[in-house]
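These protein sequences, in sequence, are chains A and B. Taking my numbering, the leading residue of the first sequence gets 45, the next gets one more, and so forth. Taking my numbering, the leading residue of the second sequence gets 45, the next gets one more, and so forth.
It should be emphasised that the hints constitute simulated quantities derived from the structure, not laboratory data. Please read these numbers as outputs of a predicted model, since none were measured by experiment. Just so you know, even glycine gets a beta-carbon here, dropped at the ideal spot from N, CA and C. Treat the hints with caution; some may be incorrect.
[To be verified] Which chain B residues face chain A? A few, computed with CB under 10 Å, are given here:
no., residue
1, Val100
2, Phe152
3, Ala254
4, Asp290
5, Phe292
2 protein chains.
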Amino acid sequence: MTPVSIYPVPGLPEIGRGAPLATLILDGVKRLGMSLEAGDVVVITQKVVSKVEGRVRRLDAVQPSERAREIASRIAYDPRHVEVILWESVRIVREAPRVLITETRHGFVCANAGVDRSNSGGVELVVLLPERPDESARQLREAFVAASGVQVGVVISDSFGRPWREGQVNVAIGAAGVTALRDYRGKRDPDGYELQGTELGVVDELASAAELVMGKLDRVPIALIRGASVSGEGRVRDLLRDPATDLFR
Amino acid sequence: MTPVSIYPVPGLPEIGRGAPLATLILDGVKRLGMSLEAGDVVVITQKVVSKVEGRVRRLDAVQPSERAREIASRIAYDPRHVEVILWESVRIVREAPRVLITETRHGFVCANAGVDRSNSGGVELVVLLPERPDESARQLREAFVAASGVQVGVVISDSFGRPWREGQVNVAIGAAGVTALRDYRGKRDPDGYELQGTELGVVDELASAAELVMGKLDRVPIALIRGASVSGEGRVRDLLRDPATDLFR
Numbered sequence: 045m046t047p048v049s050i051y052p053v054p055g056l057p058e059i060g061r062g063a064p065l066a067t068l069i070l071d072g073v074k075r076l077g078m079s080l081e082a083g084d085v086v087v088i089t090q091k092v093v094s095k096v097e098g099r100v101r102r103l104d105a106v107q108p109s110e111r112a113r114e115i116a117s118r119i120a121y122d123p124r125h126v127e128v129i130l131w132e133s134v135r136i137v138r139e140a141p142r143v144l145i146t147e148t149r150h151g152f153v154c155a156n157a158g159v160d161r162s163n164s165g166g167v168e169l170v171v172l173l174p175e176r177p178d179e180s181a182r183q184l185r186e187a188f189v190a191a192s193g194v195q196v197g198v199v200i201s202d203s204f205g206r207p208w209r210e211g212q213v214n215v216a217i218g219a220a221g222v223t224a225l226r227d228y229r230g231k232r233d234p235d236g237y238e239l240q241g242t243e244l245g246v247v248d249e250l251a252s253a254a255e256l257v258m259g260k261l262d263r264v265p266i267a268l269i270r271g272a273s274v275s276g277e278g279r280v281r282d283l284l285r286d287p288a289t290d291l292f293r
Numbered sequence: 045m046t047p048v049s050i051y052p053v054p055g056l057p058e059i060g061r062g063a064p065l066a067t068l069i070l071d072g073v074k075r076l077g078m079s080l081e082a083g084d085v086v087v088i089t090q091k092v093v094s095k096v097e098g099r100v101r102r103l104d105a106v107q108p109s110e111r112a113r114e115i116a117s118r119i120a121y122d123p124r125h126v127e128v129i130l131w132e133s134v135r136i137v138r139e140a141p142r143v144l145i146t147e148t149r150h151g152f153v154c155a156n157a158g159v160d161r162s163n164s165g166g167v168e169l170v171v172l173l174p175e176r177p178d179e180s181a182r183q184l185r186e187a188f189v190a191a192s193g194v195q196v197g198v199v200i201s202d203s204f205g206r207p208w209r210e211g212q213v214n215v216a217i218g219a220a221g222v223t224a225l226r227d228y229r230g231k232r233d234p235d236g237y238e239l240q241g242t243e244l245g246v247v248d249e250l251a252s253a254a255e256l257v258m259g260k261l262d263r264v265p266i267a268l269i270r271g272a273s274v275s276g277e278g279r280v281r282d283l284l285r286d287p288a289t290d291l292f293r
């Protein structure tokens, strides 16, 4: 039986704005002695995509607003960092000492609106999430398909915390060419019982699987997943729950 | 570079109370033409572990309490199912039409306290979570180590919904012989910026990765993960957030 295999794609250089990301990733795949095959999924950490898209800000150029200074004082945070988080957010979901959980303009609920100071390229720099991550994934996918001639999927991942459990897990923030949700509703189990409310967030499971070969400090920002049978037309946007039906917002 | 590989372990028969689960899994691994190697992780869906442990109840033998009937009437649910959910719960976290999210006796926050009517073995049967899933994992691990002579890990998984995103994902409910949390706190990124609050819920990522080969309807309840470098002494219990510091309970 063919396994699902996850390869770390090594040797990506430090990435700057406008870098030819798809080409660099294909070079990395070649260094593995491999080439893309139909059904492969390339998982890319958000940070490299954001850097290529110029979504980096210098904190020393940020003028914190009165509101940012108030929040920063309450939660013991850098007010300039809070200011950038507020730019990226449509609402604050929870606030606590050293914790700021917001809903981003995309509709993600996560710490700091995804605005991250680690692995940013400098201590005074922050990296923001891509503006339209599904679209970023779509463009990367097009570049891969054009270069390789085969249909592949792309997932852009970030590590988010979650309620009730310690530890962040990698989730998808953008996707193209893959199934986002696998829907079992209306199907029946072998005893004839209808599977109710059962949808699987496959695109997030791909992101989590990829993290197993990435590692935070080793900076392996790319993984190649082979054999997962997840081709599709899903987007991460489709998986964001309507705030009106959300019980935790 | 060696990939992380995930194999579906096929051919497990319908499992009943007291079935020799470790032996059946080892037989399945043998049918793959493989044998366990040091560092392998065996991921097992909760339902087979619960069935082996006799954690199955007949709904027609359940007498719903007044409280169960009230809740069932409000959320349009079977009052007998609600009664079993209440047995398994220490508190109700959210209630909505056809939704009951509780905190289980173990400390998990999930729908229906994990009491599931699908794939239960009969339409009038429900399957409860194992009473002590970390201990169940420890016992299975001991059996694997005794039979194979190599150090392996075990993860017991279940699919949980989550706030803010549609789609369930597989998470760990019990573990032995693996890292549960990988801790980057206090470490520094290449720019010298200290990684704050960064822990990764590796054991949940293993569970999610395994789901990619399982599938809800095909009943492949076992996956073998090879090459993940996650040996450790973690338990899922250690990853449950203290309710006192939880912002969403």
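Verification of the supplied hints:
Restraint check, Val100 of chain B versus chain A: the minimum CB separation of about 12 Å is more than 10 Å; hint violated. Here the hint on Phe152 of chain B is kept, as its CB sits about 8 Å from the closest CB of chain A, short of 10 Å. Taking 10 Å as the C-beta cut-off, the interface hint given for Ala254 of chain B holds, the closest approach to chain A being about 9 Å. Hint on Asp290 of chain B holds. Least Cβ distance to chain A is approximately 6 Å, under the 10 Å limit.
Residue-level restraint check for Phe292 of chain B holds (minimum Cβ-Cβ distance to chain A is 4 Å; threshold 10 Å).
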